[in-house]
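Residue numbers (the working numbering), protein chains in the order written: chain A, 1 to 323; chain B, 1 to 356; chain C, 1 to 335.
It should be emphasised that the hints constitute simulated quantities derived from the structure, not laboratory data.
No residue lacks a Cβ here, since even glycine has one placed at the ideal position from N, Cα and C.
Take the hints with a grain of salt, since some may be wrong.
As the list claims (entries may be wrong) - Taking lysine-lysine pairs in the DSS-like style, the calculated list, with each CA pair at most 27 Å apart, reads:
id, chain 1, residue 1, chain 2, residue 2
1, C, Lys322, A, Lys109
2, C, Lys231, B, Lys15
3, A, Lys319, B, Lys133
4, A, Lys9, C, Lys231
5, A, Lys113, A, Lys221
6, A, Lys208, C, Lys59
7, B, Lys15, B, Lys211
8, A, Lys221, B, Lys133
As the list claims (entries may be wrong) - Label pairs and their computed distance ranges (CB to CB):
id, chain 1, residue 1, chain 2, residue 2, range
9, C, Lys59, B, Lys33, 26 to 36 Å
10, A, Gln204, C, Gln217, 16 to 26 Å
11, A, Ser314, C, Ile318, 54 to 64 Å
12, B, Ala169, C, Ile318, 38 to 48 Å
13, A, Ser314, B, Ala169, 40 to 50 Å
14, C, Arg116, A, Phe71, 45 to 55 Å
15, B, Ser17, C, Ile222, 34 to 44 Å
16, A, Gln204, C, Arg57, 27 to 37 Å
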Amino acid sequence: MEVGKKQYKAWLYLAPTLILLIIFTIYPLINTFIIAFKENYNYLNIGYGKGPDSTEYEFSSWGLANFKAIFTKGDFLQYLKTTMIIVFVSVPISVVLSLIIAIALNSIKALQKFYQTVFFMPYVTNTIAIGMVFSVMFATHGGLINNLIKVFGGQPQNWLGGDLMDSAGNSLYPSYWKSMLVLLTYITWNALPFKILILLSGLQSIDKQYYQAAQIDGANKMRIALRITVPLLSPQIAYLTITSFIGAFKEYSSVVAIFGNQAGPKGYRRQMATVVWYVYDRMKTSDMTKGMGYAAAAAVVLFVIIMFFTAINSWVSNKRVHY
Amino acid sequence: MDIRLVNLTKVFADKDSEVRAVDNLDTVIPSGKLIGLLGPSGCGKSTTLYMIAGLLNPTEGQIFFGNADVTQLPPEKRGIGLVFQNYALYPHMTVKQNILFPLQNLKVPKAEALQRAQKVADLVAIGSLMNRKPKQLSGGQQQRVAIARALVKNPDVLLLDEPLSNLDARLRLQTREEIKRIQRETGITTIFVTHDQEEAMSISDEIIVMKDGVAQQKGAPQEVYNNPVNLFVAKFLGTPPINVFKGYIKDGGVYIGEDRILETELPEQEVTIGIRPEGFEVNEDGTGDFTLKIKLVEYIGRDKSVVAENEYCESPTFRFIVDADIKNIVDGRVIKAKIKPHKCFIFDKLTEKRLQ
Amino acid sequence: MVLLRYFICVLIIVLVPLAVFRKKVLSNREIVTKRYGTNLDTTNTMIGDSVSEVIRREKTIKIIKYIVTYTFLTAVAIFIIAPFYWMIITSLKSTEEVNLPDPTYFPRKIIWSNYRVAMTMSGTYFGRYMINTVIVGVFSTIGTLITTVLSAFAFARLNFKGRDILFTVFLATMMIPGEMMVITNYITVSRLGWINTYQAMIVPFWVSVFYIYLLRQNFKQIPNELYYAAKVDGTGDFQYLLKIMVPIAMPTLITITILKLMGAWNSYVWPNLVTEGKMRLITNGLRTAFTDDQGRSPYNLQMAATTVVTAPLLFIFIFLRKYIMRGVSRSGIKG
Chain A
1 MEVGKKQYKA WLYLAPTLIL LIIFTIYPLI NTFIIAFKEN YNYLNIGYGK GPDSTEYEFS
61 SWGLANFKAI FTKGDFLQYL KTTMIIVFVS VPISVVLSLI IAIALNSIKA LQKFYQTVFF
121 MPYVTNTIAI GMVFSVMFAT HGGLINNLIK VFGGQPQNWL GGDLMDSAGN SLYPSYWKSM
181 LVLLTYITWN ALPFKILILL SGLQSIDKQY YQAAQIDGAN KMRIALRITV PLLSPQIAYL
241 TITSFIGAFK EYSSVVAIFG NQAGPKGYRR QMATVVWYVY DRMKTSDMTK GMGYAAAAAV
301 VLFVIIMFFT AINSWVSNKR VHY
Chain B
1 MDIRLVNLTK VFADKDSEVR AVDNLDTVIP SGKLIGLLGP SGCGKSTTLY MIAGLLNPTE
61 GQIFFGNADV TQLPPEKRGI GLVFQNYALY PHMTVKQNIL FPLQNLKVPK AEALQRAQKV
121 ADLVAIGSLM NRKPKQLSGG QQQRVAIARA LVKNPDVLLL DEPLSNLDAR LRLQTREEIK
181 RIQRETGITT IFVTHDQEEA MSISDEIIVM KDGVAQQKGA PQEVYNNPVN LFVAKFLGTP
241 PINVFKGYIK DGGVYIGEDR ILETELPEQE VTIGIRPEGF EVNEDGTGDF TLKIKLVEYI
301 GRDKSVVAEN EYCESPTFRF IVDADIKNIV DGRVIKAKIK PHKCFIFDKL TEKRLQ
Chain C
1 MVLLRYFICV LIIVLVPLAV FRKKVLSNRE IVTKRYGTNL DTTNTMIGDS VSEVIRREKT
61 IKIIKYIVTY TFLTAVAIFI IAPFYWMIIT SLKSTEEVNL PDPTYFPRKI IWSNYRVAMT
121 MSGTYFGRYM INTVIVGVFS TIGTLITTVL SAFAFARLNF KGRDILFTVF LATMMIPGEM
181 MVITNYITVS RLGWINTYQA MIVPFWVSVF YIYLLRQNFK QIPNELYYAA KVDGTGDFQY
241 LLKIMVPIAM PTLITITILK LMGAWNSYVW PNLVTEGKMR LITNGLRTAF TDDQGRSPYN
301 LQMAATTVVT APLLFIFIFL RKYIMRGVSR SGIKG
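Work the whole structure out from these sequences, hints included.
Written as structure tokens, this is what we have:
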């Protein structure tokens, strides 16, 4: 094999990909990191270097001012809290629920394909679009959910706060927790299809003989599920948990979908905002020095948090996953 | 506890075709014995085993454990042990956990369970491997773990599906002795399935020969060997295999070609004749009733294995075995041999049932 | 507190069937073990009539299990389908009906014109948005296919120094959250003067490491012998790629195409950042078009627009279900 001659050829094939990857992935990664440490950063002045006046210079100094700012000023911590709630509530629920559903699906023969198809529908939909449907479903007046509640004799709730207004046009009683419930429901609704698909295909790849052996060993269906099926499914469960964690930390579209671009009804803007919402919000602000720099810092913080939890997840997986 | 199979039938049907995997099997498996279910692939032996285990539901018929009709009873309630052909050890559990699993399902208290597990592990000689995972074990070791797991709950019935087929030749001999030993020590009614007649013959108390879902013959190995009930059974047992010839009966004698080899009282008819390899008596002068031409003599130590030709044989050549000391057996010679009557079986040409 | 009550109700609905079902099985086993003990000499031996009791119980359990399972799955299905149903019927309601304090579960009068109104409302450029989305979709897919095919070929078939290290680096980039790149990408795009252009939405996404990974797997399954045979027949590498590897890997390429097009149709965040007004895609248009801060939003029109946005993908899904689901599930095999 003339390896030598082929060398440059391979690079030729990779050239377009590499160029694009460097420009739009590798360089940005490094650059964002750097920006986070440039105090009073103004991206419009790129190339004008360091200097005292941010109307003319790119940034003022190297330092942690951006980080300090996001943690002390504004509501970053609130957004972090919202994000954490999303992560630690929706991920376990959606993983467990999808596991139960997948096991149930696997145990039936008739209509299995039908249910499988139905359950996958949310995946092909637009997050923004269906989010708007949810906001209609949970509308205080004329919404489906409130109607069902009334039918069952309960009290209809002001879920999203959008359509009850006071004289100033501000929304009445939007409760953070009620809105959170709607948000979590929507996120779970979106999260089920992918997980069900992965878990179901994992289930179908388990050799039937293990089930037969377990039956001979006197195990009933519940024991089989807990001691045979779930352990054998642990690689998929671990994978789903890790990727769901990461995805949940980055949650943004669902919030905008239900609550609008301002992440909350009038008078209660940014009520449901997440960390990523903050990043995008900062990017579009007109106050330059409080813009990109802060966004970059927030992105870096997010990145670190994600890496931290991914590391924990991986460590836990190593201990408990059987391949 | 004995097992009774009554009219046991299993039919696999899809839209275009139907397969009768097991056809009206009617037999009793005596208590405490080691029984071999023997037959070629597709004869229904594994299907029968799985129906006894409860993993397959019979289309018709019943299964009795002792006096209890267990036909509709689900497998986890039958109290049997099953060793799968591929062992089916739980890959995510250690050997110890694999063996403990059945006891945990029976809610046996932990201390007692550990004790029993260790006992049975020692019985099959894997007591020192308790903390390993299945993928760290060799094939033979995995199988013994599977046996231990099946035995630990003291089942009334032990089933083995082709236990030796995944092992190499050396291990096979060793393991079949183990199986025999374990069965003797525990006294459990044991059924194993195999397509290897030597295996079945060597360790079974009784064998059941099956073909196309139908039981052909049942009995002690030697009995089935010496008195096959039809041509199939005769051909299936014995190594080297029985030699089959076309012949006829005339004037109270059995003829192959011109040679009158045996006396008989059967009426005149065309018949199929099977002669065991050890059924040929050759003397040094080459005299006898049956003509054959020697093609090749293989000296295999204690015996001579001779490949010969006879125009009425169903295959181009046939094989017989004689004592190595007999001289004058050389390639190319045409000699005559005497046929030992008890090694020669006459079968009806059409039904293949044994006539004599 | 009110919310707590609802939580508890949900829990009860889920747990009670489980508990009931569990109880039945346990009592069955209890009876058996009580009668026969669990010690050495009698395991599950059963004699006479107790066997038939067990059998009968087992049969009932089986039936109950089926009922519970199908009920559960149907409940989940209703949960999944509900938004779609609600979306469609709301889109067909008249304005008065939509604003009723107690909603109807099926429109009293079906107003098809909602769709026409929604699409042509002034201030929304739905037609334009759709065209934008299609253009972005088509061109980003073409670009992605090109980069993916070339790279996967290089990684799968060609031998070059640093190949494996480079591939690992590629895979590592999949782990980085996109938000880290967005900031700089926005800056890059604006400095290139690409704000409010098609390129901004197309070019940055021409490379997808995941698709390269997927295609490389597929390419690797093509036996080496084919390559050698082609070489002997005088085929160049590029020819081999085009004439043999691509056709063989067509199912994967179709999956990539479908997923990429779907992604373009559904994309929101990036286009929202880099475009304004007429250049926007349908998702952006949807979000901003009907939301007004004063008073109520016209739900029926909003839902009509939403249906228009959602329906195409659902159709594609129904027909190309296999490709989509297979492609998605393969990303889960090796994390």
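Query raised in the report: Falls inside 26 to 36 Å, the C-beta gap from lysine 59 (chain C) to lysine 33 (chain B)?
Result: holds (33 Å)
Query raised in the report: Does the alpha-carbon distance linking lysine 231 (chain C) and lysine 15 (chain B) stay inside the 27 Å limit?
Result: Distance ~48 Å between lysine 231 (chain C) and lysine 15 (chain B) Cα, so the pair is violated.
Query raised in the report: Given the hinted pair lysine 319 (chain A) and lysine 133 (chain B), is their alpha-carbon gap at most 27 Å?
Result: This hinted pair holds, its Cα atoms lying about 15 Å apart.
Query raised in the report: Between lysine 9 (chain A) and lysine 231 (chain C), does the CA-CA distance stay at or below 27 Å?
Result: holds (16 Å)
Requested in this report: Could you see if the CB distance from serine 314 (chain A) to alanine 169 (chain B) stays within 40 to 50 Å?
Outcome: holds (45 Å)
Query raised in the report: Per the hint of 54 to 64 Å, is the separation of the Cβ atoms of serine 314 (chain A) and isoleucine 318 (chain C) within bounds?
Result: violated (38 Å)
**Report entry** Beta-carbon spacing of glutamine 204 (chain A) to glutamine 217 (chain C) - inside the hinted bounds 16 to 26 Å or not
**Finding:** holds (20 Å)
Query raised in the report: Would the pair lysine 221 (chain A) and lysine 133 (chain B) pass a check requiring their Cα atoms to be no farther apart than 27 Å?
Result: holds (24 Å)
**Report entry** Restraint status (C-alpha distance of lysine 113 (chain A) to lysine 221 (chain A) at most 27 Å)
**Finding:** Holds, at about 22 Å.
Query - Holds or violated: lysine 15 (chain B) to lysine 211 (chain B), with C-alpha atoms at most 27 Å apart - result: Since the Cα atoms of lysine 15 (chain B) and lysine 211 (chain B) sit roughly 25 Å apart, the hinted pair holds (cutoff 27 Å).
Query raised in the report: Honestly, do serine 17 (chain B) and isoleucine 222 (chain C) meet the 34 to 44 Å range at C-beta?
Result: Holds, since serine 17 (chain B) and isoleucine 222 (chain C) (Cβ atoms, about 36 Å apart) stay within the stated range.
Query - Satisfaction of hint between lysine 59 (chain C) and lysine 208 (chain A), Cα-Cα up to 27 Å - result: holds (22 Å)
In the structure shown, a violation is registered for the earlier hints numbered 2, 11 and 12, in ascending order.
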